[in-house]
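Novice: Residue numbers (our numbering), protein chains in the order written: chain A, 952 to 1191; chain B, 952 to 1191.
Hints are computed from structural coordinates only; laboratory data are not their basis.
These numbers were taken from a predicted model, which means no experiment stands behind them.
One should not assume that every hint holds.
Which copy? The list can't say, so a pair holds if one copy fits it or any two copies do.
To be verified - Listed below are the simulated DSSO-like cross-link pairs for lysine-lysine, each with C-alpha atoms no more than 27 Å apart in a straight line:
| id | residue 1 | residue 2 |
| --- | --- | --- |
| 1 | K1141 | K1116 |
| 2 | K1047 | K1150 |
| 3 | K1043 | K1150 |
| 4 | K1099 | K1061 |
| 5 | K1012 | K1176 |
| 6 | K1047 | K1099 |
| 7 | K1150 | K954 |
Below are the chains, spelled out letter by letter.
Protein chains: 2
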Amino acid sequence: MAKRNLETCFSPALYEADRHSGSVVVIIDILRATSAICTAFANGASSIIPVETVEEAKEYKNQGYLVAAERDGYVLDFADFGNSPFNFTREKVEGKTIVYSTTNGTTIIKMASSAGKIVTGSFLNISALTEWIISQESDVVLFCAGWKNRFNLEDTICAGAVAEKLMATSLYSTICDSTHAAMDLWSLAKNDLQGYIEKTAQRSRLRDKGLDDCIEFCLTADFTKKIPVIKNGILVDNIL
Amino acid sequence: MAKRNLETCFSPALYEADRHSGSVVVIIDILRATSAICTAFANGASSIIPVETVEEAKEYKNQGYLVAAERDGYVLDFADFGNSPFNFTREKVEGKTIVYSTTNGTTIIKMASSAGKIVTGSFLNISALTEWIISQESDVVLFCAGWKNRFNLEDTICAGAVAEKLMATSLYSTICDSTHAAMDLWSLAKNDLQGYIEKTAQRSRLRDKGLDDCIEFCLTADFTKKIPVIKNGILVDNIL
């Protein structure tokens, strides 16, 4: 049986939408968008509407929606809260639809919209995510959000962790140098994730802004079994 | 004293020309363009004119120039030879000006043309290259050619090797995740370079085309002390 193809994309600037229309696309933006999305569903959110622009987010706010919106880590003034997973508490999100706009993560959700199946991943849901990917019997692209089109290490090591699990099944093959690099970097990082993350640019940015309290949490494996997938442009829990 | 900034760029699609106009830009395309360029100067070539398009290369050929030109590894029919360093023998190139056009390498030389200083690097000239970079007292960008805009491992580990040497001087600092990744991948590769390169996509491409005879040579450190720099759009040996 032909093996399924596994690729990794390190930045929106490197994404080749035409080649991935039949694939499962896994969006990875662990500090902090996809970690926050996983947390929201774990705490009972019913759906999340990803929006790209500040204007769209503001319009939804005017219509009475609960809005999470940030740029460069800072909560936008009209928003109910920002991008930290700790904002998405059960008290705030249970049973609610949340409108969500972030610096990098929501843009690549839109970019991936031509793909067959889009799912959001993080360490928080990594085992459930991997099982779901395997169940789809499709080629896979691990799509790292990066930071303003640049490569970043934190999304890469998460992609490497997912790739390692997928390759261990023998169902996948890869001739993608980015996937090999991600797995190799994961092999260096996995025994001390927090220590490894110390050198990343995003670690410095979050520290400088006092937004780094959630990093340890974002590196926690299997906090939830939720699998947030995109259906008709909206994030819903696949299990529902 | 303020440290010099060190960055790495994994693909032409990620290059930010505006930010690097005052930097030394190091072009790295080890399989095979920059290895061939280093070999040509080691064997006495007087200059190399990089051209982007097949049409330009053909025009130079009609004017009587010696032309090295390939696409996807294959020698173009009108060219004198292709992209293997083994083509650039002393018999062929000594005292000559060579017109050179390749799939990835010559394009990024043009892209980097707004930078302060442009140099081509490979394992073949790595120590001399690093000494020269240090002597320039500028910020540095290690610009990997990649393959058709994609990340590749072989250029990345060479960038990591250069970065390791530069960082060891304490003259440089980096907050660039790509540089950290390149150094980490180099740390995994350096004890068995040929073994590490086995998994790269370019290794497979060259093997499939019977063009892989030069790989061991391209991974050889310090075959030459030549430092091919761009002056007025033309590659010349900096030592001359």
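Novice: Take the hints in turn and mark each one as holding or not.
Specialist: To see whether the hints hold, each was checked on the structure:
1. K1141 <-> K1116: Classified as both: same-chain Cα gap 13 Å, cross-chain 26 Å, threshold 27 Å.
2. K1047 <-> K1150: neither (37 Å within a copy, 47 Å between copies)
3. K1043 <-> K1150: So K1043 and K1150 fail the 27 Å test inside a copy (33 Å) and across (48 Å) alike.
4. K1099 <-> K1061: Both: 15 Å inside a chain and 24 Å across chains, each within 27 Å.
5. K1012 <-> K1176: Answer is neither; intra-copy 30 Å and inter-copy 63 Å both fail.
6. K1047 <-> K1099: neither (30 Å within a copy, 44 Å between copies)
7. K1150 <-> K954: between (36 Å within a copy, 17 Å between copies)
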